[in-house]
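Visitor: Given the sequences, and given the hints that come with them, work out the whole structure.
For the record, the sequence lines run as chains A and B.
Read the first sequence against this note's numbering and you will find it ends at 226, with the numbers running on by one and no gaps.
Read the second sequence against this note's numbering and you will find it ends at 226, with the numbers running on by one and no gaps.
I should point out that these hints are in silico values taken from the structure, not numbers from a laboratory.
Treat the hints loosely; a few may be bogus.
Since the list can't tell identical chains apart, any single copy or any two copies may satisfy a pair.
In silico lysine to any residue, SDA-like type, Cα no more than 25 Å apart, as pairs [claimed, not checked]:
{"#": "1", "residue 1": "LYS69", "residue 2": "GLU36"}
{"#": "2", "residue 1": "LYS69", "residue 2": "ARG140"}
{"#": "3", "residue 1": "LYS69", "residue 2": "ASN208"}
{"#": "4", "residue 1": "LYS69", "residue 2": "GLU128"}
{"#": "5", "residue 1": "LYS69", "residue 2": "ASP164"}
{"#": "6", "residue 1": "LYS69", "residue 2": "PRO162"}
{"#": "7", "residue 1": "LYS69", "residue 2": "PRO97"}
Listed below, chain by chain, are the residues.
Number of protein chains: 2
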Amino acid sequence: MSTAALGGSGRGRPRLEQPRRPGRTAREEILDAAAELFTNHGYGSTSTRRIADAVGVRQASLYHHFATKDDILDALLTGTVDEPLQLAADLLGEAGPAAPRLHALVVADAMQLCGGRWNLGALYLLPELRTDRFEPFRRRRAELRELYRRLSAAVIAECDGPADAADLPFRLVESVINSRSDDGVAPSGQPWVIGAGALRVLGFTGENAALVECTAARLGVQAPAR
Amino acid sequence: MSTAALGGSGRGRPRLEQPRRPGRTAREEILDAAAELFTNHGYGSTSTRRIADAVGVRQASLYHHFATKDDILDALLTGTVDEPLQLAADLLGEAGPAAPRLHALVVADAMQLCGGRWNLGALYLLPELRTDRFEPFRRRRAELRELYRRLSAAVIAECDGPADAADLPFRLVESVINSRSDDGVAPSGQPWVIGAGALRVLGFTGENAALVECTAARLGVQAPAR
Numbered sequence: 001m002s003t004a005a006l007g008g009s010g011r012g013r014p015r016l017e018q019p020r021r022p023g024r025t026a027r028e029e030i031l032d033a034a035a036e037l038f039t040n041h042g043y044g045s046t047s048t049r050r051i052a053d054a055v056g057v058r059q060a061s062l063y064h065h066f067a068t069k070d071d072i073l074d075a076l077l078t079g080t081v082d083e084p085l086q087l088a089a090d091l092l093g094e095a096g097p098a099a100p101r102l103h104a105l106v107v108a109d110a111m112q113l114c115g116g117r118w119n120l121g122a123l124y125l126l127p128e129l130r131t132d133r134f135e136p137f138r139r140r141r142a143e144l145r146e147l148y149r150r151l152s153a154a155v156i157a158e159c160d161g162p163a164d165a166a167d168l169p170f171r172l173v174e175s176v177i178n179s180r181s182d183d184g185v186a187p188s189g190q191p192w193v194i195g196a197g198a199l200r201v202l203g204f205t206g207e208n209a210a211l212v213e214c215t216a217a218r219l220g221v222q223a224p225a226r
Numbered sequence: 001m002s003t004a005a006l007g008g009s010g011r012g013r014p015r016l017e018q019p020r021r022p023g024r025t026a027r028e029e030i031l032d033a034a035a036e037l038f039t040n041h042g043y044g045s046t047s048t049r050r051i052a053d054a055v056g057v058r059q060a061s062l063y064h065h066f067a068t069k070d071d072i073l074d075a076l077l078t079g080t081v082d083e084p085l086q087l088a089a090d091l092l093g094e095a096g097p098a099a100p101r102l103h104a105l106v107v108a109d110a111m112q113l114c115g116g117r118w119n120l121g122a123l124y125l126l127p128e129l130r131t132d133r134f135e136p137f138r139r140r141r142a143e144l145r146e147l148y149r150r151l152s153a154a155v156i157a158e159c160d161g162p163a164d165a166a167d168l169p170f171r172l173v174e175s176v177i178n179s180r181s182d183d184g185v186a187p188s189g190q191p192w193v194i195g196a197g198a199l200r201v202l203g204f205t206g207e208n209a210a211l212v213e214c215t216a217a218r219l220g221v222q223a224p225a226r
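Guide: Encoded structure:
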């Protein structure tokens, strides 16, 4: 859709008068439009021109915020790992049993992957991400995976679980991406199902209800109905 | 690469004299080339012309085998669900405890997803798959997911596990796609790790070694070193 199609009066910058997308700033609107196009039409098939049209700005305005399409993708992807990375680092620094800490990380991360307007995790498998441009993002995501692995290894040690399972909680969390893609929506209780599953897969046989209560309090969210 | 670049002598059909790809037939060579391009360069960015060039045939020859690029994608994707669907149906029809049957399905399916030359599962998340053209494929994959769910539900019933976990084994199997994408290769023991994890996540606490032995014999594969 062009700016003209927005019913612009010719006074310029109709975007500021008729914001059509979530986002307080032009940058956020560009990210939202790009996320929609990348996840619904494909990264390779989306041009920066098409993104600009979807926001209702000129391409020149878009380039003011992002020099390249890859920069937009990088900003979107980085937004999916920054918070879990911070949380994982905080949780690893805490004392006490590992099981409730891993549970909190798994539920919080699955919630953010379920919660965004667009299924951004589906972009993790793009071949474009293997280029040098995305090495910083790949490194951050690998770091997150490594923090999951360390917390998972601590749980395995606590409950004498199988040593080779330490990568599975990270993978279970990512599975919400596939569920969203297959079902169109992410079932709202899925992060809690995955939280419980991520512990069981490591050999944990303790009470799930205590973990749920603890994680709900920590994250400031509602525990699922029993 | 054009046919000329193959060092063709001008006698025509150099492909038949210098097959450069796995596959006994032109159709299989086309599928192999397309799989490489789709997974390494992106589906949207790959033209049928580029596929024909990669095989060393004319576009007209390619169209003799596949009318559209979507038809090639459909053939590749269908190839990843046909065998597990057949196996799942066979296993569901068998009598006896569900745990060894689910274990065999999980290990076999993870092996085939790990074993192909290209990481075809990475294409499951393409937005193109949401179009009507791929409805038959989506239905077959949904059918496979449903068979996993039924076998998983039977395991849950056997071991008094958590009822809401029945979708997780299917998701754990798919996680080999992410591992391959992240690591470049699929670790060879991963199907067995996932086989054990898929049972534990359903609440199964029996002996893993017995399942491994039974599955190795059934599939005619080597059990992993203990």
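Visitor: Now, for every hint given, state plainly whether the structure supports it.
Guide: Okay, the hints, checked on the actual structure:
1. Taking the closest pair of Cα atoms, LYS69 and GLU36 come within 25 Å of each other both inside a single copy (14 Å) and across two copies (24 Å).
2. For a Cα distance limit of 25 Å, the shortest separation of LYS69 from ARG140 inside one copy, 20 Å, qualifies, whereas the shortest one across copies, 35 Å, does not.
3. With identical chains, the CA atoms of LYS69 and ASN208 are never at most 25 Å apart, being 44 Å at best within one copy and 48 Å at best between copies.
4. Taking the closest pair of Cα atoms, LYS69 and GLU128 come within 25 Å of each other both inside a single copy (11 Å) and across two copies (20 Å).
5. Proximity of LYS69 and ASP164 under a CA criterion of 25 Å is satisfied in neither setting, with 39 Å inside one chain copy and 40 Å between copies.
6. Taking the shortest Cα distances, LYS69 and PRO162 never come within 25 Å of each other, neither inside one copy (43 Å) nor across copies (44 Å).
7. Taking CA atoms no more than 25 Å apart as the test, LYS69 paired with PRO97 passes in neither setting, with 44 Å inside one copy and 53 Å between copies.
Hint violations for this structure: numbers 3, 5, 6, 7, all remaining hints satisfied.
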